[in-house]
Structures are given as C-alpha cells and as structure tokens.
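Asks: Sequence lines, in order, name chains A and B.
Note that this note's numbering gives residue 99 to position 99 of the first sequence, counting from 1, and the numbers run on in steps of one.
Note that this note's numbering gives residue 148 to position 4 of the second sequence, counting from 1, and the numbers run on in steps of one.
Among these hints, one or two may not hold up.
Stated by the list, open to error - In silico DMTMM-like cross-links for lysine to aspartate or glutamate, where the CA-CA straight-line distance does not exceed 20 Å:
1) Lys524/B with Glu64/A
2) Lys524/B with Asp29/A
3) Lys674/B with Asp631/B
Claimed, not checked - Coverage of chain B stretches by chain A, computed from C-beta distances (three or more under 8 Å per stretch; other residues unrestricted):
4) 492 to 499
5) 516 to 529
Claimed, not checked - Derived contacts from chain B toward chain A, CB cut-off under 8 Å, selection only:
6) His485
7) Asp503
8) Val572
If you're looking for bench data, these hints aren't it; they were derived computationally from the structure.
Small disclaimer: the values here were computed from a predicted structure and weren't measured.
Don't be surprised by glycine CBs; every beta carbon is placed ideally from N, CA and C.
Chain by chain, the residues:
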Amino acid sequence: MADPEKSLTRDDPGKSLTRDAVRVLLVDDEAPFIDALAKVLRRRGYLVETNYNGPAALARIAQEPVDVMLLDVKMQGMDGLAVLREVKRIAPAIAVVLMTGHLSCDDEAAALRAGAFAYVFKPHPIDQLVELIKSAQQRPRDPA
Amino acid sequence: MSKATPAHTVHDRYRSMFRHLVQRMVLVSLLPLVAIGGINFYIFFRHNRAVVVEQHANFLRYHRESLSAFLNNLATEVATLAHQYSLAELEAGDLERAFQVIRQQEGVFTDVGIINSSGQHLMYIGPYDLAQRNYREADWFKQVVDQGLFISDMFLGFRAEPHFVIAVKRVEGNDFWILRATVNTDYFSKLVDAVSSGRTGETFIINSTGVFQTKTRFGGAILTPSGYPNLAFHDGIQVHEVNWNGRRYLCTATWLDNPRWLLIYRQEFADVYAPLWRASASGIALFLLGAIVATALAIVVARRQVRIVHKADREKEALTQELLVTGRTAAVGELSAGVAHEINNPLATIDTLQTWIRDLASESAVSAEDLIEILDSARKIGEQVERCKTITLGLLKFSRRVETSPEEIDLNEILEELSTMARARARVEGATIATELGDVPLILASPLYVQQIVVNLVNNALDAVAGRPQARVTIRSHRRNTAVCVDVIDNGCGIAPDNLSRIFTPFFTTKPVGQGTGLGLAICYGLVKKLGGTIQVNSTLGQGTTFSVVLPAVPPAPAAEGDV
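Start from the sequences and build out the full structure, keeping to the hints where you can.
Replies: Okay, structure coming up:
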C-alpha cells in the first residue's frame with residue numbers, strides 16, 4: 001500500500017524524485033505501537049519494516065542495511081542498548097533513535113555514548129518523530 | 145472485627161515485667177539479710193542456751209550445797225539434843241525448853257517427840273494429838289533403830305499430812321530411845337524454792353522413786369508422782385528437756401546425799417528464751433523495716449525501669465513506624481518504576497493511532513477502506529486505554545493498603561494486586577513474574593505489613609534476576625499445616641553463603657552506595673516477627689534464592705461469631 005513516489009512528493013517536495021525512499025526499521029516488543037507507527041510512516045513515504053525483538057532486527061540489518069532505526073530500550077530478552085551496540089558494530093552507518101517509556105537518564109547517557117543519534121521518551125509527538133527521522137537520515141555520515 | 149486487644153497484652157507485659165523486677169530485687173536484697181539473720185540467730189540461740197544452762201547449773205550447785213548443809217545442821221542439832229541429855233532429863237522438862245529454843249530460833253521444826261525402844265511415844269511436844277501413838281511398824285522407826293540417824297522421805301503418818309522426820313537413836317544402859325523431830329514442811333518447801341528466775345522458774349525435790357517431796361508452784365502436790373523420767377543416780381549436774389502437761393521445760397537436776405533426793409530446777413522453754421525472743425524481736429522488727437524499705441525501693445526502681453523500657457519501646461515503635469513509611473515509599477517507588485513504562489507505552493500507541501486517524505481523515509475523500517482503518521484504530525485506542533486503566537487501578541489498589549491494625553485477610557488477593565505491579569516492573573527489567581496461588585486459609589494480619597513484606601521480597605528478587613537470561617520470579621502461596629506460606633522464588637544471582645547470616649541485619653546491603661538502604665529485609669524480618677510468623681531463606685549462588693514466609697492462619701472461629 002505504500003507508494004514511495006507519492007510519499008516522497010508529499011513529504012519532501014523539494015527532494016529529487018529519483019532519490020530512493022528512506023528505509024526505516026522499527027524495533028519494539030510493543031507490537032501495537034510499531035504497527036501503527038509503521039502505517040503512519042509508510043503513508044508519509046518511508047520504506048518501513050518492523051521487528052518485535054532485538055535479535056530479529058540484527059538479523060534483518062545483517063542482510064541489508066537501513067537508513068534509520070527506531071529502537072525501543074526496554075525489551076524482553078535483548079534490550080535496546082545491547083542491540084544499539086551490536087548495530088554500531090556491524091552497521092555503523094545506520095542512524096539509531098532510541099525510544100523508551102521508562103524514565104531513566106542513565107540509559108540516555110549510555111545510549112548517546114554508544115552512538116545513538118537521539119534518545120526520546122514515549123509518547124513522543126509523531127510529527128516531531130518524523131522530523132527526527134528526517135534529520136537522522138540527513139545527518140553528516142560517519143566515514144563508513 | 146479485630147479480636148486482638150494489643151493494648152491489654154502490652155499492658156500485661158509491662159505489669160509482669162514490673163512484678164518480676166520487684167520480686168527479683170526484693171529477693172536479692174532480702175536473701176542475704178535473711179541468711180545473715182538466721183545464722184546470727186542460730187549462733188546467738190546456741191550461745192544463749194549454754195549461758196542459761198550454766199547459770200542454772202551454778203545456781204543448783206550452790207543450792208545443793210546450802211540444802212545439804214541445812215539438812216546436816218538439822219540432823220546435828222537433833223543428834224546433839226539426844227546425846228546432850230538423858231531420857232530422865234528430857235522428860236523432866238529439858239526437851240520442852242530445848243525445843244522452844246530451837247523452834248524460836250529457826251521455826252524449822254513442827255514438833256518433837258521421844259519414842260521408846262518398843263515404839264511407844266513417851267513424850268510429844270507439838271500441835272498434833274500423837275502422844276499415845278506407837279511407831280513400831282513405821283518405816284522410819286525401823287530405819288533409825290537400824291541406822292542410828294535417819295532422815296525420812298515425805299510421808300503422811302498418823303497426822304495424815306505430808307511431813308518428814310529426823311530421828312536419832314540414843315542408847316542408854318541396855319535400852320535405847322529415839323528422839324524424833326518433824327521438819328516444818330512449808331518452811332522446807334520455801335527454803336527449797338527460795339530462789340527462782342523468770343516467770344516459771346522453780347526448784348523442787350523428788351525422792352528416788354520420783355515422788356514430789358516439796359510443793360511446787362506450777363503443778364505437782366507433795367507426795368504425788370512427778371513423772372520426771374531421769375531417776376538414775378548420777379554425780380554432778382544433768383540437764384534434760386522434759387515435757388510436762390504439754391509444756392516443754394529445761395530441767396537441771398542434781399542428787400542430794402542424805403536423804404537421796406533429786407533437787408530439780410525447772411523453767412519453761414518459752415520462759416528460758418524469753419529474753420532471747422525479746423532481743424530477737426528488735427532484730428526481726430529491723431528486718432521487717434528493711435524488707436519494707438527494700439520493697440519500696442524495688443517498687444520505685446522497677447517502676448522507673450519499666451517506664452524507661454516502655455518509653456524505649458514506644459520510641460522504637462515510632463521509629464519502626466517511620467521506617468515502615470520510608471521503607472514502603474521506597475519499595476512502592478521501586479515497584480512502580482514499571483508503572484511509567486506501562487502507561488507510556490499505551491500512550492505512545494494511542495498517540496500514533498490518533499495521528500493515523502487524522503492522516504486518513506484529512507484526505508479530501510475518505511475511502512471505505514480508510515474508514516475501516518479509522519474504526520479499527522479507534523478500537524485499538526480503546527484497548528490501549530483499557531490497558532492503562534488496569535495499571536492505574538492496580539496502583540490504586542496497591543497503594544490503598546494502609547491499614548496497620550490486624551484484620552482477616554485473603555493473602556492471595558494481596559499477592560494478585562502486588563503481582564500486577566510487579567509485572568509492570570518486571571517487564572521493564574526484562575523479567576517475568578509467575579504466580580502460583582494455592583488454596584490458603586485467611587490470616588489475621590495487617591494488610592499493609594503483609595504487602596510490604598512481599599513487595600520487599602519481590603523487589604529483591606527482581607534486583608537479583610536483573611540482566612540474567614530467562615529472568616523469572618515466582619510468587620507462590622500454599623497452606624502449611626495451620627499456617628500460610630508465601631514463597632518468593634527467583635532464578636537470580638543468589639546470595640553468597642558469607643552474607644546469608646547478615647541479610648536480615650539492618651543497613652546490610654550488597655547494592656552500590658545510594659541504591660540500597662539495607663533496610664528492606666530488616667523491615668521484612670521485623671514485620672514477620674510482628675505478625676507472629678517466620679521467615680526463611682534458601683539460596684544457591686548463581687542459581688537463585690527462595691524466601692519463605694510462614695504466617696499463622698486465623699484459628700477456626702466458633703460458629704457464634706459470624707462475619708462482621
């Protein structure tokens with residue numbers, strides 16, 4: 001149902017139509033949240049995929065990298081910080097935005113140190129989240 | 145509803161503490177007093193008895209000498225009279241003159257008479273009508289004929305009154321006659337009992353068969369049997385304790401030579417020891433005074449001591465209460481760390497869904513497909529709201545437990561509420577909470593205390609499993625005989641054996657500074673004790689820990705007492 005062309009045009013009219021759509025990977029064990037978020041983002045022109053746990057997400061990016069990753073911190077099994085470190089190891093180019101419903105500043109500092117692009121608290125306004133994805137995708141890349 | 149009346153129990157506890165303190169202090173202070181007093185009295189008693197016996201013996205020794213001398217003198221006097229005059233001279237009037245002199249001087253003799261060798265009274269001077277009497281058959285007559293000089297025992301004789309005689313045989317030519325004098329019985333009795341001591345002290349004489357020879361003031365007429373048991377002859381002085389008519393006497397006795405009479409000094413025991421008792425009375429009074437003072441002091445000290453203990457207990461109680469509040473705040477805070485997470489997640493979903501609905505609705509024409517999406521999203525929003533409600537309701541129920549007084553509670557209900565909260569935290573920690581709630585009887589306890597005990601244990605369990613694979617905490621309830629048992633089981637890091645003995649000690653913690661107060665388990669321990677239960681821990685390092693709390697169930701109530 002996602003129409004990249006259409007989305008791109010609507011979301012970012014100034015951008016070249018020839019450019020590839022931004023690939024976003026949503027990782028959270030809170031399925032209703034990322035399912036809904038995926039719909040919203042796809043309608044705005046992003047190529048969105050979802051994973052409900054860390055290991056599955058890592059397996060996914062090992063096959064093919066994405067541009068931006070929205071990653072939940074507190075997850076059953078492997079938590080977001082561990083996934084982040086692994087992502088930074090195998091695909092450092094991916095911009096990772098960490099999200100949490102938990103209020104912990106310790107985690108925020110640790111995440112930023114580990115190379116996270118941003119750390120946001122749920123619920124984070126969706127429009128701001130979209131802005132964040134945009135700036136993450138446009139950020140100066142580390143030499144990969 | 146609560147049947148327990150802690151105020152009374154507490155009051156009784158202090159009363160019994162007070163009673164024990166007083167008893168012990170009085171005992172400790174009086175025991176040496178009693179011991180010393182008793183020993184002193186015993187020594188004093190022994191000494192006193194020896195002194196009394198010595199006094200009596202000295203008196204009796206002296207008295208025997210004087211009585212022997214007296215009887216000797218009388219005998220000499222009669223003998224002198226008999227040998228100084230011839231029968232003819234005496235009959236001519238010398239006897240009467242001599243007797244007058246003797247009687248006036250001494251008043252010792254009642255009468256005097258001369259009896260011829262055939263026992264016939266030849267001459268009699270005295271108040272009785274005895275002039276014609278013949279004494280041939282009298283015992284004393286036979287004795288004097290035989291011995292020359294004879295002092296008789298008391299006897300009745302022809303005059304039918306108790307008396308004793310001194311008789312002397314005088315041989316004149318081929319014949320003999322006898323001069324006989326009767327000793328004044330009253331005079332002699334008075335002489336014997338001249339000196340006495342105390343109220344009941346008296347001196348008397350009995351003959352060799354135990355018959356009274358003198359009057360006694362306290363029972364025993366002349367010529368009646370005395371009942372004195374120790375009649376065997378002995379030299380010197382003997383001391384005996386003798387019962388007479390149910391009274392106990394101290395008897396000092398010594399034999400006279402002639403006649404063979406037993407001179408006895410007797411005094412009632414009570415009388416003998418009267419001075420001792422009088423002396424002891426002041427001692428006993430002093431002791432009683434001491435006892436009263438000691439008791440009064442003990443009461444004052446014990447009351448103060450109990451008051452101090454009471455105050456300390458109250459302070460401790462207040463401190464415990466404060467600690468409970470602090471501990472509860474900390475424990476609830478720790479547990480509800482998961483609450484924010486559990487609310488924020490559905491909120492994020494709701495926010496996203498409402499954005500999705502707005503996106504769809506903002507199209508110029510809403511397709512049927514979009515409408516279905518909108519309705520589906522609205523339903524999902526409802527689900528997320530429901531989820532939030534569960535959490536907030538759980539939090540509400542959980543924090544509504546504030547009752548500290550005991551009531552009949554269903555343990556499982558508390559465990560259910562608690563596990564809802566615990567699950568929220570567990571999800572954050574990446575752990576699971578399992579509940580295995582068995583069929584358990586009601587317990588009589590403060591819901592707040594029970595909640596606090598389990599919350600502390602569950603928090604500790606979640607701390608122990610944090611960051612471990614397959615982290616799992618099981619809350620289990622089951623019946624154990626007449627008690628209820630709650631197990632909090634984790635598969636966490638376990639407790640080092642060295643630490644096991646210290647975990648219930650206040651301020652003992654293995655957590656980093658600033659993260660653990662070291663009060664959780666100490667509070668648990670205190671609360672479990674308060675509820676009359678026990679707490680046990682079983683731990684294997686690296687494998688997990690099980691805490692078991694056993695609380696007494698409500699005893700089966702009598703049928704009459706229904707639910708209130």
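Asks: Now look at each hint and say whether the structure bears it out.
Replies: Now the hints, each set against the structure:
no.	hint	result
1	Lys524/B with Glu64/A	32 Å, violated
2	Lys524/B with Asp29/A	16 Å, holds
3	Lys674/B with Asp631/B	19 Å, holds
4	492 to 499	holds (count 7)
5	516 to 529	holds (count 5)
6	His485	4 Å, holds
7	Asp503	6 Å, holds
8	Val572	5 Å, holds
In terms of the numbered hints stated before, the structure departs from hint 1 and from no other.
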